[in-house]
Amino acid sequence: MKAIYTWNAILAIVFASVVGDVLLARAMKQVGDVGALRRRVGLVAVIRRTLGNPNFLLGVMAMAVAFFSLLFALSWGDVSLVAPAAASLTFIGNAVAAKIFLHERVDRRRWIAASLVAAGVALLAG
Amino acid sequence: MNFRKYLVLAGVTVFAAAGDSMLSHGMKQAGNISLNHLQSVIFAVLNPWVAGGILLLLAFFATYMTALSWADLTYVLPATSLGYVLLALVARFLLHEHVSPLRWLGIALITGGVGFIAGGPELTKHEHSAAPVDEPCAVAPSPLLAKDARNGASGVEL
Numbered sequence: 001m002k003a004i005y006t007w008n009a010i011l012a013i014v015f016a017s018v019v020g021d022v023l024l025a026r027a028m029k030q031v032g033d034v035g036a037l038r039r040r041v042g043l044v045a046v047i048r049r050t051l052g053n054p055n056f057l058l059g060v061m062a063m064a065v066a067f068f069s070l071l072f073a074l075s076w077g078d079v080s081l082v083a084p085a086a087a088s089l090t091f092i093g094n095a096v097a098a099k100i101f102l103h104e105r106v107d108r109r110r111w112i113a114a115s116l117v118a119a120g121v122a123l124l125a126g
Numbered sequence: 001m002n003f004r005k006y007l008v009l010a011g012v013t014v015f016a017a018a019g020d021s022m023l024s025h026g027m028k029q030a031g032n033i034s035l036n037h038l039q040s041v042i043f044a045v046l047n048p049w050v051a052g053g054i055l056l057l058l059a060f061f062a063t064y065m066t067a068l069s070w071a072d073l074t075y076v077l078p079a080t081s082l083g084y085v086l087l088a089l090v091a092r093f094l095l096h097e098h099v100s101p102l103r104w105l106g107i108a109l110i111t112g113g114v115g116f117i118a119g120g121p122e123l124t125k126h127e128h129s130a131a132p133v134d135e136p137c138a139v140a141p142s143p144l145l146a147k148d149a150r151n152g153a154s155g156v157e158l
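Going down the list, the sequences are from chains A and B.
For the first sequence, position 67 matches number 67 in my numbering, and the numbering has no gaps at all.
For the second sequence, position 95 matches number 95 in my numbering, and the numbering has no gaps at all.
There could be a bad hint or two in this list.
[As the list claims (entries may be wrong)] Now the in silico label distances, taken between C-beta atoms and shown as ranges: (1) B:GLY31 x A:ALA36: 42 to 48 Å; (2) B:HIS96 x A:ARG48: 46 to 52 Å; (3) A:ALA3 x B:TRP104: 26 to 32 Å.
Treat the hints as calculated values from the structure; they're not laboratory data.
Because the structure is a prediction, the values reported are computed rather than measured.
Heads up, the beta-carbon is just placed ideally off N, CA and C, and yes, glycines get one too.
Hey, can you work out the whole structure from these sequences and the hints?
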């Protein structure tokens, strides 16, 4: 029973982090190249433009949900299962979501990179 | 990609790894916190390791957002995963912890993955517009932002 709770919480972490990462990535593409923008309009304007972006705020909220899901997952399961499982599934989930929702060109090079890193993280934290 | 951008990616990597380590070290000193004793959270934040960790994670977030403003998510995430390797190397050579062969394999896989991504382009060039089409101008319009939006809509690259 506890294992089911733990895996549900892990899936919640993965879902919320993927949603958060995609929203934050979209927000920052809307804001534009921060380095070039800062030289033109100044740092304060860049920060205001970022904080005023609805996708940014939603992304931060999703990250907060992911954080609290992590706390729940850790109260039910071992950190040696929760951390690597959530991290490596998030890498794969992000590659899929970035292709679908951000229309990034996830070519074979990037699939291999995401899979290798996901496998490596699973081994490293395990 | 120029030197400045590699520096930002290195910042994402190092700030995340160092911030997590400091936070973890501090929270072990601060002890358990629970919802019944919320004042224990305040004591935890007063711990210098925890406070330092939070500052580093804020720096991580700022550099991560900067990287996402000019690179794809599927580029930034693998490129900055060397932080896991960094943590393992710190554990091995500074803290003299035992690193098992399985973990060395994990280090090799992550390093290989980063090598795969490093040779490719960092940003997908979309054919129709330089900026995302939906809501190109999310904040109060200014002449500058309106100019950006026009460029985005007409597909003119600066």
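Results for each hint:
| no. | hint | in the structure |
| --- | --- | --- |
| 1 | B:GLY31 x A:ALA36: 42 to 48 Å | holds (46 Å) |
| 2 | B:HIS96 x A:ARG48: 46 to 52 Å | holds (47 Å) |
| 3 | A:ALA3 x B:TRP104: 26 to 32 Å | holds (29 Å) |
This entry satisfies every hint, going by the numbered hints stated previously.
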